[in-house]
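S.K.: This is what each chain is made of:
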Amino acid sequence: MSRLMNWRAPMLSLLVFFLGIGVWHALTLPTAAPQTVNDEYAALVGAAAATGQKSAFPTPADFGKKVWQHLNEPFYDRGPNDKGIGIQLGYSIGRVLVGYLLAALVAVPLGFLIGMSPTVYRALDPFIQVLKPISPLAWMPLALFTLKDSAVSAIFVIFICSVWPMLINTAFGVASVRREWLNVARTLEVGSFRTAFRVILPAAAPTIMTGMRISISIAWLVIVAAEMLVGGTGIGYFVWNEWNNLSITNILTAILSIGLVGMMLDLMMAKLTKLVTFAE
Amino acid sequence: MSAFKDPFDASTSLTRGCSCGQHHSEAAHQADLAGQTTDSELLGNRVVEAAVMRALFPHDATRRRFLNAVGASTAMAAISTFFPMGMAKEAFAQTGKLEKTSLKVGFIPITCATPIIMSQPMGFYARQGLNVEVVKTAGWAVVRDKTINKEYDAAHMLSPMPLAITLGVGANALPYTMPAVENINGQAITLAIKHKDKKDPKSWKGFKFAVPFDYSMHNYLLRYFLAEHGIDPDKDVQIRSVPPPEMVANLRANNIDGFLAPDPVNQRAVYDGVGYIHTLTKDIWDGHPCCAFAASKEFVTTMPNTYRALLKSIMEATAFASKQENRKQIAEAIAPANYLNQPVTVVEQVLTGTFADGLGNIRKEPNRIDFDPFPWHSFAVWILTQMKRWGQLKGDVDYAKVAREVYLATDAAKLMKEVGMKPPTATSKKFTVMGKEFDPAKPDAYLKSFAIKST
Numbered sequence: 130m131s132r133l134m135n136w137r138a139p140m141l142s143l144l145v146f147f148l149g150i151g152v153w154h155a156l157t158l159p160t161a162a163p164q165t166v167n168d169e170y171a172a173l174v175g176a177a178a179a180t181g182q183k184s185a186f187p188t189p190a191d192f193g194k195k196v197w198q199h200l201n202e203p204f205y206d207r208g209p210n211d212k213g214i215g216i217q218l219g220y221s222i223g224r225v226l227v228g229y230l231l232a233a234l235v236a237v238p239l240g241f242l243i244g245m246s247p248t249v250y251r252a253l254d255p256f257i258q259v260l261k262p263i264s265p266l267a268w269m270p271l272a273l274f275t276l277k278d279s280a281v282s283a284i285f286v287i288f289i290c291s292v293w294p295m296l297i298n299t300a301f302g303v304a305s306v307r308r309e310w311l312n313v314a315r316t317l318e319v320g321s322f323r324t325a326f327r328v329i330l331p332a333a334a335p336t337i338m339t340g341m342r343i344s345i346s347i348a349w350l351v352i353v354a355a356e357m358l359v360g361g362t363g364i365g366y367f368v369w370n371e372w373n374n375l376s377i378t379n380i381l382t383a384i385l386s387i388g389l390v391g392m393m394l395d396l397m398m399a400k401l402t403k404l405v406t407f408a409e
Numbered sequence: 002m003s004a005f006k007d008p009f010d011a012s013t014s015l016t017r018g019c020s021c022g023q024h025h026s027e028a029a030h031q032a033d034l035a036g037q038t039t040d041s042e043l044l045g046n047r048v049v050e051a052a053v054m055r056a057l058f059p060h061d062a063t064r065r066r067f068l069n070a071v072g073a074s075t076a077m078a079a080i081s082t083f084f085p086m087g088m089a090k091e092a093f094a095q096t097g098k099l100e101k102t103s104l105k106v107g108f109i110p111i112t113c114a115t116p117i118i119m120s121q122p123m124g125f126y127a128r129q130g131l132n133v134e135v136v137k138t139a140g141w142a143v144v145r146d147k148t149i150n151k152e153y154d155a156a157h158m159l160s161p162m163p164l165a166i167t168l169g170v171g172a173n174a175l176p177y178t179m180p181a182v183e184n185i186n187g188q189a190i191t192l193a194i195k196h197k198d199k200k201d202p203k204s205w206k207g208f209k210f211a212v213p214f215d216y217s218m219h220n221y222l223l224r225y226f227l228a229e230h231g232i233d234p235d236k237d238v239q240i241r242s243v244p245p246p247e248m249v250a251n252l253r254a255n256n257i258d259g260f261l262a263p264d265p266v267n268q269r270a271v272y273d274g275v276g277y278i279h280t281l282t283k284d285i286w287d288g289h290p291c292c293a294f295a296a297s298k299e300f301v302t303t304m305p306n307t308y309r310a311l312l313k314s315i316m317e318a319t320a321f322a323s324k325q326e327n328r329k330q331i332a333e334a335i336a337p338a339n340y341l342n343q344p345v346t347v348v349e350q351v352l353t354g355t356f357a358d359g360l361g362n363i364r365k366e367p368n369r370i371d372f373d374p375f376p377w378h379s380f381a382v383w384i385l386t387q388m389k390r391w392g393q394l395k396g397d398v399d400y401a402k403v404a405r406e407v408y409l410a411t412d413a414a415k416l417m418k419e420v421g422m423k424p425p426t427a428t429s430k431k432f433t434v435m436g437k438e439f440d441p442a443k444p445d446a447y448l449k450s451f452a453i454k455s456t
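Which chain is which? The protein sequence lines are L and X, in order. Counting from 130, one number per residue, gives the positions in the first sequence under my numbering. Counting from 2, one number per residue, gives the positions in the second sequence under my numbering.
Chain L on its own, in the form it takes in the complex (with noise of 0.2 Å):
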């Protein structure tokens, strides 16, 4: 019986897949028109405008074509502006670690020092509440202007966006170290270096971490935006020529690898935290 409930969700899953393969099928299935216009002209315009239609949303089979020839060759390169999707996702990868780790590295220690002290905490909290919720992308044109490097601004953005989430949650979690726990420290005449290293950091990875998985979702988030904006490489970009292309397939492509890079980016924070996590 509990071998049959195993199954019952992947089983769901699957039915949940191919009811929308299903669906979105019937919903492009082409519909068939007379050609409404000469030979000559139809020649010069695609097969819907022909019909006198508007060109149409792909079906699955299209999509799977194109994914499959996405993933025959994956690293291509053709010169500046027309790379491979596998290229693509390294650029972006790579961009989102770098602003990540440089966020981390100011994030935590910064984080540590504002939650080990209740007036720093309450005197930067109106900053933090204020600059948090901007929009990184707002940051953009004034990353472009003061940096005056396109490749360092859309690693600024990731900065900027990341560093909220850690910074938050590594002062909460510091602050909110169980009193007991610092007294006993403190009663042992534990030296303040050794508190804060063998007592208040562990006691708060579990929150920092979950700042930290926090953050790398969002930095995932923007990074396509940033590259739709900025250009040159990454998969932002790659959907931003795909969309100059009016090319629906391509792009839906971008999405399906976006979302399973950032599924693994998840996971692997996931992994990180359990490995910290402790049970009182």
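Honestly, the hints are just simulated from the structure, not real lab data. Positions of the beta carbon are idealized from the N, C-alpha and C atoms, including for glycine. Don't take each hint at face value.
Simulated pairs of lysine to aspartate or glutamate, DMTMM-like, Cα-Cα distance not exceeding 20 Å [claimed, not checked]:
no. : chain 1 : residue 1 : chain 2 : residue 2
1   : L       : Lys277    : X       : Glu299
2   : L       : Lys183    : X       : Asp371
3   : L       : Lys183    : X       : Glu247
4   : X       : Lys151    : L       : Asp278
5   : L       : Lys183    : X       : Asp198
6   : X       : Lys365    : L       : Glu169
7   : X       : Lys431    : X       : Asp284
8   : L       : Lys183    : X       : Asp284
9   : X       : Lys105    : L       : Asp168
10  : X       : Lys105    : L       : Asp206
11  : X       : Lys105    : L       : Asp278
12  : X       : Lys430    : X       : Asp284
13  : X       : Lys199    : X       : Asp284
14  : X       : Lys365    : L       : Asp168
15  : X       : Lys206    : X       : Glu247
16  : L       : Lys195    : L       : Asp211
17  : X       : Lys324    : X       : Asp371
18  : X       : Lys329    : L       : Asp206
Here are some, though not all, of the chain X residues that point toward chain L, as calculated from beta-carbon distances under 8 Å [stated by the list, open to error]:
no. : residue
19  : Val136
20  : Lys147
21  : Asn150
22  : Leu168
23  : Val249
24  : Val275
25  : Ala338
26  : Asn339
27  : Tyr340
28  : Glu366
29  : Pro367
Based on these hints, arrange chain X on the given structure of chain L.
M.R.: Just chain X, lined up with the frame of chain L:
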């Protein structure tokens, strides 16, 4: 022309011996006259080699004995080890040494950028010894910022942009130059298919239009066109700035009713069955400039040789593109994903001017787009009058001075001559826009003559 003889050939004499005294024999003299050695690069190499050999062997007999003894290739290799022959040849090949050979040039994926783009796959840059990477860019604001930040050495811009940047309108003032116009004509007003019965512009009140940028010929031409038909572009319709790639998607989604856009956007709207071509801009102002090749004044002054080589490639490409018979070949070169990322037929219809109009007709307009690099000062003056007309530019402007400083007509004329084009002798000319004559000498009177304006 003794300098062009192969000094590694034992049978040649580097001393003179023909009727003109410059060839070792009468036969060589005749051959040269017949133009058998015309490859200028090869000749350049010869000159350098001959000079080196003559310096090493002042007596021709010694040189010949040496060559007979060891053979030409051994001699060449032996000499190259202690004399950098390659470098000397390279230095000679240029009139001045290129300050920088690897360049980045930004472009927006539209057919206006044809000369900039095609120079890469078709080798016009390479011919000038330049290794140029053409980088596709997402929008005009980004092109502007990346050029100001010096990520790009030069870029594809809209012809009003260098004026706007120089005057500090919509950006920080920075001296900018526009040494070449890329294309003339080549834009169109496209309306959504649902408006196929509203061909009269008077019925367009309440429409939402898109143009690629505020400081674009598209904006000024659309406003001009609407105003001539009695529609106030600021009050009766909405004009918004939308990057070209997003235009067809917006037209499809009914977000906008039409646009005045660069190609291939117009043709793409027809190809996808979402719009029809209403008016080609050549019927508004035949021969109007659109996009431009632009560089910062700093680049022009600090790297004069590189700038010259780059401009020369653009000029050669423009001359090549201005010939109808080359257009199909160009369409094939610039349509792939690395450049415009469009179906070849769309680009071909734009460049050849034989196109589907979206309503079932095939039109033949060979001048739909044309290529003429000369940056007329009067173009700049006209653009400045329109900037003032629509309130982008306030106060007094020294029209002629700004035009002269930004539109580098003299440079363009010099290089056009070198690549075999005929530059005009004047830098200013009168032209007509929708039947109304524009005299560049009287910009203020022209401006006053409009009934609809926002100043």
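S.K.: Hint by hint, note whether the structure agrees.
M.R.: Hint by hint, here is what the structure shows:
no., hint, result
1, L/Lys277 / X/Glu299, "16 Å, holds"
2, L/Lys183 / X/Asp371, "30 Å, violated"
3, L/Lys183 / X/Glu247, "16 Å, holds"
4, X/Lys151 / L/Asp278, "8 Å, holds"
5, L/Lys183 / X/Asp198, "18 Å, holds"
6, X/Lys365 / L/Glu169, "13 Å, holds"
7, X/Lys431 / X/Asp284, "17 Å, holds"
8, L/Lys183 / X/Asp284, "28 Å, violated"
9, X/Lys105 / L/Asp168, "43 Å, violated"
10, X/Lys105 / L/Asp206, "18 Å, holds"
11, X/Lys105 / L/Asp278, "14 Å, holds"
12, X/Lys430 / X/Asp284, "19 Å, holds"
13, X/Lys199 / X/Asp284, "18 Å, holds"
14, X/Lys365 / L/Asp168, "17 Å, holds"
15, X/Lys206 / X/Glu247, "23 Å, violated"
16, L/Lys195 / L/Asp211, "16 Å, holds"
17, X/Lys324 / X/Asp371, "9 Å, holds"
18, X/Lys329 / L/Asp206, "25 Å, violated"
19, Val136, "6 Å, holds"
20, Lys147, "6 Å, holds"
21, Asn150, "4 Å, holds"
22, Leu168, "19 Å, violated"
23, Val249, "6 Å, holds"
24, Val275, "5 Å, holds"
25, Ala338, "4 Å, holds"
26, Asn339, "4 Å, holds"
27, Tyr340, "7 Å, holds"
28, Glu366, "14 Å, violated"
29, Pro367, "16 Å, violated"
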